[in-house]
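Following the hints, complete the assembly by docking chain B onto the known chain A.
Protein chains in written order, with the numbering used here: chain A, 1 to 115; chain B, 1001 to 1115.
It is possible that part of the hints are untrue.
Stated by the list, open to error - Calculated Cβ distances over 12 Å to all of chain A for the following chain B residues:
id, residue
1, 1013
2, 1015
3, 1018
4, 1061
5, 1062
6, 1085
7, 1086
8, 1114
To be verified - Between beta-carbon pairs, the in silico distance windows are:
id, chain 1, residue 1, chain 2, residue 2, range
9, B, 1053, A, 18, 44 to 52 Å
10, A, 66, B, 1061, 36 to 44 Å
11, A, 84, B, 1111, 23 to 31 Å
12, B, 1111, A, 107, 39 to 47 Å
13, A, 64, B, 1102, 28 to 36 Å
By construction, these hints were calculated from the structure, which means they are not laboratory data.
Here a beta-carbon is modelled for each residue, glycine too, at the ideal position from N, C-alpha and C.
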Amino acid sequence: AQSVSQHNHHVILSEAASLELGCNYSYGGTVNLFWYVQYPGQHLQLLLKYFSGDPLVKGIKGFEAEFIKSKFSFNLRKPSVQWSDTAEYFCAVTGGVAAGNKLTFGGGTRVLVKP
Amino acid sequence: ETGVTQSPTHLIKTRGQQVTLRCSSQSGHNTVSWYQQALGQGPQFIFQYYREEENGRGNFPPRFSGLQFPNYSSELNVNALELDDSALYLCASSLDRGGLSYEQYFGPGTRLTVT
Chain A
1 AQSVSQHNHH VILSEAASLE LGCNYSYGGT VNLFWYVQYP GQHLQLLLKY
51 FSGDPLVKGI KGFEAEFIKS KFSFNLRKPS VQWSDTAEYF CAVTGGVAAG
101 NKLTFGGGTR VLVKP
Chain B
1001 ETGVTQSPTH LIKTRGQQVT LRCSSQSGHN TVSWYQQALG QGPQFIFQYY
1051 REEENGRGNF PPRFSGLQFP NYSSELNVNA LELDDSALYL CASSLDRGGL
1101 SYEQYFGPGT RLTVT
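Only chain A is shown next, with the shape it has when bound in the complex:
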């Protein structure tokens, strides 16, 4: 069975600081990887996705993620955060047809950016 682990439950940082959120998954086959963000009072939004090709993926709002297959990791990064990046971030994986195309989510990381 697929599982996703997000290492940090809560992160507090100041504006202009760099952000890195860890994500590890367990699944033996080909995976599709995603980061979703949930801003306060808003619905889940897709930040970025990885299906194949260049393991460094760029998403919206200056976010990027790197897929390291040997480490089963897909960490999210942003060089300089803003107060508006305060949100909950979820890493998710699908295992393709064999896994029924269901999204398996990590537990989420709450990020608070102090102005």
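Coordinates of chain B only, in the frame set by chain A:
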């Protein structure tokens, strides 16, 4: 905004009752997935519907059931409500192409409270 809509926004039910939640998928999408998000946790996959048939199910009891209609909208039904069913129920739509569906787009969710 993703174009995925859900109704109602909030719902309060009593233990033992039944509830129906509704979802309209994004235009052009043919697959709907349902997730349960308990407070402080990541979304958990309930089931997915494609071409009006269930196409994968998570670890949820049979009292959770669903439907997909010819216009690709969907319903989630929960019978014999329990207190632990209190959660945010999320609908996500996607386009299934050749057996693989990729990014899923989420609606705002229905907040269900069971008392």
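So, going through the hints one by one against the coordinates:
1. 1013: 22 Å, holds
2. 1015: Holds: least Cβ distance 27 Å, greater than 12 Å.
3. 1018: With a cut-off of 12 Å, residue 1018/B remains clear of chain A, as the shortest Cβ separation is near 25 Å.
4. 1061: 17 Å, holds
5. 1062: 17 Å, holds
6. 1085: 19 Å, holds
7. 1086: 18 Å, holds
8. 1114: Given a closest Cβ separation of 22 Å, the condition holds.
9. 1053/B - 18/A: 44 to 52 Å: 46 Å, holds
10. 66/A - 1061/B: 36 to 44 Å: 39 Å, holds
11. 84/A - 1111/B: 23 to 31 Å: 24 Å, holds
12. 1111/B - 107/A: 39 to 47 Å: 19 Å, violated
13. 64/A - 1102/B: 28 to 36 Å: Hint violated: Cβ distance 19 Å, outside 28 to 36 Å.
Hint check: violations occur at hints 12, 13; the rest are consistent with the structure.
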